[in-house]
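K.L.:
This is what each chain is made of:
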Amino acid sequence: MRFILTLSLLSLATAAFSASEYGAMKFHSSVPADQLKAMTTDLNYLFHNPITASDEEFKNSLGISQNSGPQMHNWLVNRVRYIIGESFELNDQNIRVRTGYIFPSTPIPEIEGSADVAQSAGEDDGIKTVMSNLGSALYLVGKKGMKTGNTMTPILYGLALDGETVYATSTRVGIIQVGEGLFFKDFRVTENELAPANSISRLGTFFHEARHSDGNGSSTGFAHARCPVTHPYANNFACEKSSNGSYSVGALTLRNLLANCGACTESEKTKLELLVYDSFSRILSGVNNRIRLGMYQSARKEYQDILVAYKEIAPTATGDLKVKIDAEIKKIEDLLLLIDTHMALLQKDLNATPAPLDGNPEGLYRNVSLSESVRAMNLSKLK
Amino acid sequence: MNRKSYLLIGLLAIVGVLFFLRVNKPGNEAEEKSDVVITIEQSPPVAEKKEQSPRPSKNDSNEKEDPEIEEFSLETRKTLNTLPTVQALQELPEKDVHHTPQILREASEKIADAISRAEASPKLRPEALRFLKGCAETQDSAPSIRALCWNKLLQNIPRWKVFIPISDADVPQDIKDLASRL
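Chains G and B supply the protein sequences, listed in that same order. In terms of this note's numbering, the first sequence opens at residue 1 and continues consecutively. In terms of this note's numbering, the second sequence opens at residue 1001 and continues consecutively.
What the hints contain is simulated information worked out from the structure, not anything from laboratory work. Any given hint could turn out to be false.
Unchecked claim - Okay, the calculated bits of chain G under chain B, using three or more residues with CB under 8 Å as the criterion:
| # | segment |
| --- | --- |
| 1 | 273-281 |
| 2 | 298-311 |
Stated by the list, open to error - Okay, derived cross-link-like pairs now, EDC-like style, lysine to aspartate or glutamate, Cα gap no bigger than 20 Å in a straight line:
| # | chain 1 | residue 1 | chain 2 | residue 2 |
| --- | --- | --- | --- | --- |
| 3 | B | Lys1123 | G | Glu266 |
| 4 | G | Lys185 | B | Glu1109 |
| 5 | B | Lys1110 | G | Glu266 |
| 6 | B | Lys1176 | G | Asp340 |
| 7 | B | Lys1161 | G | Glu312 |
| 8 | B | Lys1110 | G | Glu191 |
| 9 | G | Lys269 | G | Asp340 |
| 10 | G | Lys311 | B | Asp1168 |
| 11 | B | Lys1161 | G | Asp320 |
| 12 | G | Lys37 | G | Asp186 |
| 13 | B | Lys1095 | G | Glu89 |
| 14 | B | Lys1161 | G | Asp326 |
| 15 | B | Lys1176 | G | Asp305 |
| 16 | G | Lys330 | B | Asp1168 |
| 17 | G | Lys269 | B | Asp1168 |
| 18 | G | Lys269 | B | Asp1170 |
| 19 | G | Lys331 | G | Glu302 |
| 20 | G | Lys269 | B | Asp1113 |
| 21 | G | Lys241 | B | Asp1174 |
| 22 | G | Lys301 | B | Asp1174 |
| 23 | G | Lys331 | B | Asp1170 |
| 24 | G | Lys324 | B | Asp1170 |
Here the structure is a predicted model, which is why all the values come from computation and not from measurement. We treat Cβ as the ideally placed atom computed from N, Cα and C, and that holds for glycine.
Sequences are here, hints too, so could you generate the full structure?
P.N.:
The following block contains the structure:
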């Protein structure tokens, strides 16, 4: 008994100190060393993030009780367990298949656009893979099954990852493929690959992909929606209808980390803000009144600050300019009154639609506790 | 000289003194300082941006003659005319739009550069604000870029204490809403 216990402890320690495992995530041998270094830097940045600014929307969207580094890290490792490189191929050698597995009898979402496998398909034509949630794709394709006669036979797909076979029994299997796109020079916010601003950018993508590991029934994998014809990404599956999908999570993660980045320059912040806006612009559902109220509060503060500045400027102005500044002050004061009226109306029903999608996962998966992910992170750092 | 000539010389002298006082009044010297009032008369033209110059009219002679301002103005005008359009984004293949496309990232870099330059050189700030306002108003630009510019405009007016009218800005509510998501 003691021997077995010792053996277990030894194997646990080996796993924790292994080069391919960091902070409860397993990195496949196909991940290049420089990418591994960048991602472990990102995990450390996330875990040790000195959160000072609170973001309720971020907390609520992720369902975490506290906006802290360890909780964000735990949320991530429950959805991203295996990281494989761009060179990993989905071929007969790497794919495992099992039949007879019984999937949950829940509806299947539209597969098209639901999992981010499209980008990993074109390595040969110069496409740079950013990140793809392969675990979610394998689960959904397997659950949908293969047509045999008039029936669909579900298939449990798995991947052979450095001697370990990992079956997609849930989207929470968390197999993510990362590519050069995430680390490619053009995708960097700043020159130094290991700078906090680049970590924030990559983590935004990580959290986006991690959300694809959530959901059940028709919400499984948090499928992207086709963008409407007037949208900049018209007809592409690059939008979402829910208020808590991958683009929301990605945008909120970026916003949260950005607000707490003391080391980011103004220039880096501007570039990261664009990423936030781009993600938010893909959400078709609109926002609930509580969030809208926050938006009005933010706008109100900005107009108030401008009003203060113009009132400071006005006494030094003369002639026509003074007339213009005074007129502008009056208009901004009117605008503030209008914002106040809107805010009062919103206060009456803060929880109005849209409702978020159900993020609870389905299938078989193992949950990683907070203490487990904290321990894994601390052991990794000792390496 | 007769009496009329003396009167004319006297008038010219008064006009000269007035002109000298006007050119050298304290307000003009203050243009080079970081925390002083700089004014902008009007925003750049906004509609049909791709066909027309977004160059705003200037109300300050120093601004017109300063080569650094002129060069900055040319740069921002060029940026304004090359902002990624909705149509350009719609033409991108699906593989390029799942995450933020490169053309948007490049545009944000140019916007960041313009703000950084104005941050370092206060005399560029009026032009930088004109650029940001023009960018937010450009109708065929990507919403994310317009929102970024609107947000940066509202943030930098009180920081730089530069007057530019915003109540007349031709920026739709959905862009302003997006800008408020930060």
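K.L.:
Checking each numbered hint in turn, tell me which of them this model violates, lowest number first.
P.N.:
Of the numbered hints given earlier, those the structure breaks are 9, 17, 18, listed in rising order.
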